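Student: Residue-level listing of the chains:
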Amino acid sequence: MVLSPLARVVLKVITALALAFLYIPIFLIAILSLNKAGNLVWPPSGLTLHWWRLAWHNQGVRDALWTSVKVGLCATAIALILGTMASLAVHRFTFFGRTSISFLIVLPIALPGVVTGMALNRGFDSAGITLSFFTLIVAHATFCVVVVYNNVFARLRRLSPNLDEAGADLGADLFQSYRYITYPLIKSALLAGGLLAFALSFDEIVVTTFTAGVGIETLPQWIYNNIARPNQVPIVNVVAVFVILLSIIPVYLAQRLTDATAGIAGR
Amino acid sequence: MHDLPGLDDGLGRGEGIATDTGVGEVKASPTPGRRVARALDARPRAKLVALLSAPVAWIVLAYIGSLLALLLTSFYKTDPFTSQIVKEFTLDNFQKVFEPTYRTVAVRTVGIAVAVTLIDLVIGLPTAFTLVKVVSDRTRRILVILILMPLWASYLVKVYAWRAMLAPQGIVHTALGRTPGYGLTATVITLSYLWLPYMIIPIYAGLERLPNSMLEAASDLGAKSGRTFFSVVIPLLKPAIIAGTIFTFALSLGDYITVDIVGGTTQMIGTVVHNNFSSSNIPFAAALSTIPIAIIVIYLLAVRRTGALDNL
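Keeping their order, the protein sequence lines are chains A and B.
In terms of the numbering used here, the first sequence opens at residue 1 and continues consecutively.
In terms of the numbering used here, the second sequence opens at residue 268 and continues consecutively.
It is worth saying that the hints were derived from the structure and are not from the lab.
Among these hints, one or two may not hold up.
[Claimed, not checked] With a Cα cut of at most 25 Å, we get these calculated DSS-like pairs of lysine-lysine:
| hint | chain 1 | residue 1 | chain 2 | residue 2 |
| --- | --- | --- | --- | --- |
| 1 | B | K363 | B | K344 |
| 2 | B | K505 | B | K491 |
| 3 | A | K12 | B | K363 |
| 4 | B | K505 | B | K400 |
| 5 | A | K187 | B | K344 |
| 6 | A | K12 | B | K505 |
| 7 | B | K491 | B | K400 |
| 8 | A | K187 | A | K70 |
| 9 | B | K354 | B | K344 |
| 10 | A | K12 | B | K400 |
Because the structure is a prediction, the values reported are computed rather than measured.
Let the hints inform the model, and build the full structure from the sequences given.
Tutor: Set out below in structure tokens:
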């Protein structure tokens with residue numbers, strides 16, 4: 001289809017506007033975190049690192065950050081184990097209900113957060129489990145499995161099935177075959193999936209609200225609880241930028257990992 | 268592989284080779300781990316069960332069980348004096364869901380979700396088209412990353428960023444002289460902002476699968492670019508477009524954080540669920556939370572025939 005020069009310009013302008021729409025708010029927050037006045041007024045009255053220093057020494061923020069990191073790491077560990085097992089099973093075997101497995105795994109994240117949160121809350125309640133740090137981890141692990149599963153499954157699909165057979169012909173048993181053949185080949189996919197799972201957990205707020213025990217506050221919850229307090233605005237700005245950085249860095253690394261190994265892992 | 272016992276244990280013990288009844292020999296020595304491995308190797312089904320049982324048990328127990336618990340709770344009632352859940356079957360919660368107050372909230376929520384979907388479609392379709400058919404390969408790669416990146420920037424922070432954008436005397440006010448403030452408009456803008464990449468990506472993928480020869484054929488047959496776009500591109504893209512709308516629609520439908528932060532006093536279904544949950548009216552909150560599920564299921568069933576679900 002031959003596009004007129006005008007049409008091409010219009011399309012490019014729309015795309016540029018869409019990108020501006022996506023990025024202006026993020027850059028705005030980054031600049032406002034340095035705003036001397038410590039409010040949301042534009043233009044900023046001057047730039048300072050004062051609020052960053054203040055946020056760094058804020059005990060509430062530190063506690064919340066530590067909670068988020070712990071939840072993220074535990075949930076990621078569980079997601080890595082369950083996601084890998086499920087992807088190996090679905091990839092290597094044919095069985096009744098095989099196609100529903102990926103549906104089951106994606107469900108916790110496909111349904112709205114309110115629904116997943118309410119459901120898990122009711123689930124814990126009917127099982128007689130009081131909400132705690134443990135229930136928060138279980139909840140996060142449940143919706144994190146999908147990213148590990150997807151990453152590992154995508155990698156397994158690119159591997160040649162001959163590798164395992166060759167290993168078996170050479171006498172490798174099940175565990176040896178996993179340890180010496182499969183694991184090295186899916187290692188970077190595991191790492192990528194793990195990073196994405198951590199980013200997902202680190203950022204989550206809705207399910208967290210419904211499943212965290214009393215007195216437990218993750219970093220997103222800290223932001224949420226302090227958003228409406230005018231005197232906390234400068235600290236919230238800083239924490240907001242920090243959270244963006246901390247969720248984008250793992251994703252960037254994951255992206256690099258999956259790209260860099262695409263050539264090696266491909267057949 | 269068990270017919271080569273000597274090699275079978277090749278990583279360490281070679282004694283199996285020396286005997287002619289090698290299998291028995293090797294079996295006598297292995298570590299417990301080896302024994303399990305060998306037992307599983309002989310039985311593929313057992314291997315499958317071993318791999319699958321933990322993840323399936325987790326999802327079914329922790330999640331499907333929870334969804335059932337949610338459904339059950341929606342039929343219970345709350346003791347008005349103690350706020351405790353009374354496990355007696357009642358349809359009151361669902362009757363209450365259809366009361367005018369909640370009906371208004373439900374209609375408003377669907378309205379917001381539709382508006383967000385349309386806005387994202389209007390921005391997303393030309394953007395995806397530009398990526399695939401207008402710019403160079405190099406530019407495209409960079410643009411795709413630029414569009415995907417914000418997806419991973421914290422959801423909450425992005426909502427907060429719009430609180431800053433639309434603040435009184437904030438950047439929008441300074442640039443345009445006025446700001447819509449916090450309310451329905453702000454909610455629609457913010458949700459459109461949040462889910463825009465979810466609209467662009469499926470359409471982008473759909474366009475990539477669309478062969479250029481189709482577009483060339485259309486222009487060879489005399490169609491101008493506008494005609495080609497509406498008579499060739501759009502019909503072929505329909506499943507991909509609907510896939511995008513599923514995301515924007517479903518994600519908007521269940522939201523309550525956005526409307527809480529930038530929506531002023533506006534309420535969505537999620538808001539009411541969360542409020543009733545916080546005020547310990549859990550059975551009613553459970554009944555309410557089935558509305559977004561029902562609407563999403565209805566939408567999915569309605570679009571299933573278009574093949575959109577394969578584009579997710």
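Student: So, for every hint listed, does it hold in this structure?
Tutor: Quick rundown of the hints versus the structure:
1. Pair hint K363 of chain B plus K344 of chain B holds up; C-alpha atoms about 12 Å apart against a cutoff of 25 Å.
2. For the hint linking K505 of chain B to K491 of chain B, the alpha-carbon distance of about 20 Å falls within 25 Å, and the restraint holds.
3. A distance of roughly 50 Å separates the Cα atoms of K12 of chain A and K363 of chain B; the hinted pair therefore is violated under the 25 Å criterion.
4. The straight-line distance between the Cα atoms of K505 of chain B and K400 of chain B is roughly 17 Å, inside the 25 Å bound, and the hint therefore holds.
5. For the proposed pair K187 of chain A and K344 of chain B, the alpha carbon gap of about 50 Å is over 25 Å, so the pair is violated.
6. For the hint linking K12 of chain A to K505 of chain B, the alpha-carbon distance of about 23 Å falls within 25 Å, and the restraint holds.
7. Restraint check for K491 of chain B and K400 of chain B: the C-alpha separation of about 16 Å stays at or below 25 Å, so the hint holds.
8. At roughly 23 Å between alpha-carbon atoms, K187 of chain A and K70 of chain A fall within 25 Å of each other, so this suggested pair holds.
9. The suggested pairing of K354 of chain B with K344 of chain B holds, with an alpha-carbon distance near 7 Å, which does not exceed 25 Å.
10. A threshold of 25 Å between alpha carbons decides the hint, and for K12 of chain A with K400 of chain B the separation of about 11 Å falls inside it, so the pair holds.
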